[in-house]
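Can you build the whole structure from these sequences, using the hints too?
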Amino acid sequence: MKDLRKARNIIDALAMKGSAESTQILEEIGTNSPIDEIREHTARALVRQNKRDALNVVIKNTGKGINDMSTSVAMSTINELLTLENKDEAMEVLTDTVENGCTDEVKENARSVRALMSLS
Amino acid sequence: MKIMATLGHVLNTPIGHTKTQNHSTNPFAPSTFKGNVLTADVFETKKAAKKKLTYSTLVGSIGDAFPTFRKSIESVVSFGNRMKKGALAVWNKIDEIGSITVDLGAPAKAVMKGFNSMTDKFSVGNYSKYTESQLADMLKSELSMSVVG
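Heads up: the sequence lines are chains D and F, in that order.
Oh and the first sequence: position 102 is 113 in the numbering used here, straight run, nothing missing.
Oh and the second sequence: position 7 is 22 in the numbering used here, straight run, nothing missing.
Among the hints, erroneous ones may be present.
[Said to hold, decoys possible] Sample of chain F residues facing chain D (criterion: CB under 7 Å; computed from the structure): (1) 103; (2) 106; (3) 151; (4) 154; (5) 158.
[As the list claims (entries may be wrong)] In the DSSO-like style, the derived pairs of lysine-lysine whose C-alpha atoms are separated by at most 27 Å in a straight line are: (6) F:124 - D:28; (7) D:118 - D:98; (8) D:17 - F:144; (9) D:62 - D:118; (10) D:28 - D:98; (11) D:62 - F:99; (12) D:17 - F:124; (13) D:28 - D:62; (14) D:28 - F:155; (15) D:17 - F:155; (16) F:155 - D:62.
Calculated from the structure, these hints are not laboratory results.
Since we're looking at a predicted model, the values are computed, not measured.
Don't be surprised by glycine CBs; every beta carbon is placed ideally from N, CA and C.
Right, dumping it as structure tokens:
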């Protein structure tokens, strides 16, 4: 079992930057990683940024964030969304995804998460 | 009694035999010597000699019946003596050394410093000093190592 502490800390450092470039790097490297833990950590880091472009990555893309094939990754992302203090940005992205999602599955997932967030 | 006798027969031990000994005419019958060698003269008839006989029986019984116990007592006593000598020697050495003190805090601090520097090197705060492209390269190499490993 490889120690992923370094990788997780690098992801956190990139998330702290908050720049468009760092979000792009996290999307390209982090969310496309074959390791579930890395995808999960990246998705959570992107949600914590609570920015439009970062939230788009984990909500609108097939196979990433809430739409990830791994249940643990999807659930962790949803959990992170639910724990956001300011949910306005996330709700807007979810509403936009429900209306203009690329696939029915993405739309359905966004609808479910939006319902959960409105109840929380 | 029958059961006890049977049990005694099975164990090859005469259970209940002491009762018959009480009725015997031998005055020394209640104390079973079990092969202990008496150091007193049994054939002396004076009162003092009888006392001597009783004490010798008692001492002989203790000495022969509990050799392990006696050895344990001896070993404990010798151990105590050795510890006492050792403690005195250490105390004398400390007294001789006098001004020399051993600081155990310094090595512990050194170890902690090394550990902290090692963890700080890979902390989030330390990584945030790098640029996005540098971090991207670092993440790539770290993940490629992870995939290979």
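Checked hints:
The beta carbon of residue 103 of chain F is not positioned within 7 Å of any beta carbon in chain D (closest approach about 53 Å), and the interface hint is therefore violated. At about 50 Å, the closest approach between the beta carbon of residue 106 of chain F and any beta carbon in chain D exceeds 7 Å, and the interface hint on this residue is violated. With its C-beta approaching chain D no nearer than about 5 Å, residue 151 of chain F sits inside the 7 Å limit, and its interface hint holds. For residue 154 of chain F, the suggested interface contact is upheld, since its CB lies about 5 Å from the closest CB of chain D, less than 7 Å.
A distance limit of 7 Å between C-beta atoms decides the matter here; for residue 158 of chain F the minimum to chain D is near 6 Å, and the interface restraint holds. For the suggested pair residue 124 of chain F and residue 28 of chain D, the alpha carbons sit about 34 Å apart, so the restraint of at most 27 Å is broken. In summary, the hint linking residue 118 of chain D to residue 98 of chain D is supported, as the alpha carbons are separated by about 18 Å, within the 27 Å threshold. Between residue 17 of chain D and residue 144 of chain F the CA atoms are separated by roughly 15 Å; this keeps the pair inside 27 Å, and the hint holds.
Using a Cα cut-off of 27 Å, the hinted pair residue 62 of chain D and residue 118 of chain D holds, with the two alpha carbons roughly 20 Å apart. For the proposed pair residue 28 of chain D and residue 98 of chain D, the alpha carbon gap of about 21 Å is at most 27 Å, so the pair holds. Distance hint between residue 62 of chain D and residue 99 of chain F is unfulfilled; the C-alpha atoms sit about 75 Å from each other, more than 27 Å. For a cut-off of 27 Å, the pair hint linking residue 17 of chain D to residue 124 of chain F stands: about 25 Å separates their Cα positions.
With a CA separation close to 12 Å, the supplied pair residue 28 of chain D and residue 62 of chain D stays within the 27 Å bound. Restraint check for residue 28 of chain D and residue 155 of chain F: satisfied, since their Cα atoms lie roughly 17 Å apart, inside the 27 Å limit. Straight-line distance between C-alpha atoms of residue 17 of chain D and residue 155 of chain F comes to about 11 Å, which keeps the hinted pair within the 27 Å bound. Distance hint between residue 155 of chain F and residue 62 of chain D is fulfilled; the C-alpha atoms sit about 24 Å from each other, no more than 27 Å.
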